[in-house]
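Novice: These are the residues of each chain, in order.
There are 2 protein chains.
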Amino acid sequence: MVMESGVDAGRNPRERYRAQVRDEVKRHAWEQIAANGVTALSLNAIAKEMGMTGPALYRYFAGRDELITALIRDAYRSLADTVRAAHEAGTTAVALAAVIREWALSDPQRYLLIYGTPVPGYHAPDDITAISDEILAVLLEVCGTAEETPQSPFDVFLGMDRRWAGKLLASSPTVHRALSFWTRLQGVLSLELSGHLTPMGFDPGLLLAEEVADL
Amino acid sequence: MVMESGVDAGRNPRERYRAQVRDEVKRHAWEQIAANGVTALSLNAIAKEMGMTGPALYRYFAGRDELITALIRDAYRSLADTVRAAHEAGTTAVALAAVIREWALSDPQRYLLIYGTPVPGYHAPDDITAISDEILAVLLEVCGTAEETPQSPFDVFLGMDRRWAGKLLASSPTVHRALSFWTRLQGVLSLELSGHLTPMGFDPGLLLAEEVADL
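In order, the protein sequences belong to chains A and B. Counting along the first sequence from 1, when you hit position 183 you're at 183 in our numbering, and nothing is skipped either side. Take any residue in the second sequence, note its place counting from 1, add 1000, and you have its number in our numbering.
Since the hints were derived computationally from the structure, they do not count as laboratory data. Among these hints, one or two may not hold up.
[To be verified] Going by beta-carbon spacing under 8 Å, a handful of chain B positions derived as facing chain A: (1) Ala-1034; (2) Gly-1116; (3) Ser-1152; (4) Leu-1158; (5) Arg-1184.
[To be verified] Short, incomplete list of chain A residues facing chain B, as computed with Cβ under 8 Å: (6) Asn-12; (7) Tyr-17; (8) Thr-39; (9) Ala-40; (10) Trp-103; (11) Gly-116; (12) Thr-117; (13) Val-119; (14) Val-156; (15) Pro-199.
The beta carbon of each residue, even a glycine, is placed where N, CA and C say it ideally should be.
With the rest of the complex left out, here is chain A (with noise of 0.2 Å):
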């Protein structure tokens, strides 16, 4: 879990104090959306099991969509780190989906919260987006490729139309590669971590890998 009172720095007691019950609320919201998904999530029982009172947890949460999205945020900070890691450590693409594969599985709720069935009424702030633009472009390095003439129907529409990878700089096969891998990478671990993969009983990494691979 990403804390909000881990960095002290600069900090008065007052203001560690408000991080300090902002992690214990994120702890709280995680168990219940564990327990009974996160559209069942609730302040008031998080207060009542805090022993606080429904106002007074509202000064450090506003409503549900503001805890919501600071768990999402916290979640894709988390990605984020590993996915920066990896890549500073001098990842292939193969063993970076290794590595946000195993991400997904220590704690499939925080993977879910991103990337599982939208939240009905929630809708994230773009400054979200921030953080997925870094996932990206790592990606983007990872997925680079010296061959660079657009081969498909897809890359050529990628080249004309840059409104979203225009400011990284991506060649539009480049582009394409990252997205086929992210698309894999999502497909495989959509269906391992919804159970569809249980029943056929091979290791879901064998599958990962060598649809990763031949990008």
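Assemble chain B onto chain A, guided by the hints.
Specialist: Same frame as chain A, now just chain B:
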């Protein structure tokens, strides 16, 4: 929606009435799922909306899990029928992927109930897998190929451990191709339906077509 009251052959008025009430309960359940998520599903709330008492409703569904199972069974039935109809019309793998995507987009909640975040505490009964085996059988036919020599370590593994695919008599390369097809399809659909492709501004159908074209 798959209607229990749609097939009346050999049923008496009491059975028809029962099927109609069950259909109405399921309609309310889908509305609740869209509004609040599947974990917030409440038989008592549905009973209230239908002007019934809770105990009266429980004569039609013995509990939340039985209702969820009925919804999952309907969703699988609809997907299996869609897949089989495409196969009988002589579909290619690329066209089949597009048909399944259309099915998912036409009713995202139905897709997400099968492939999205698992419902905490819910376990599907074994007979549900019989319907998913129907879908697998079509995939294996569509992904069948003349080239039957195991190519990769995963192919060889699939050839040795035939716990799940054994009865379907497909070769390991065909099973591997069907798994890749399904993985990539699920990857695109889960990213698309959880909103992760929206900011990228391209047509996910283009990505999907290329992902399943070169299996």
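Novice: Hints broken by the structure, by number, lowest first?
Specialist: Of the numbered hints, 6, 7, 10 and 14 do not hold.
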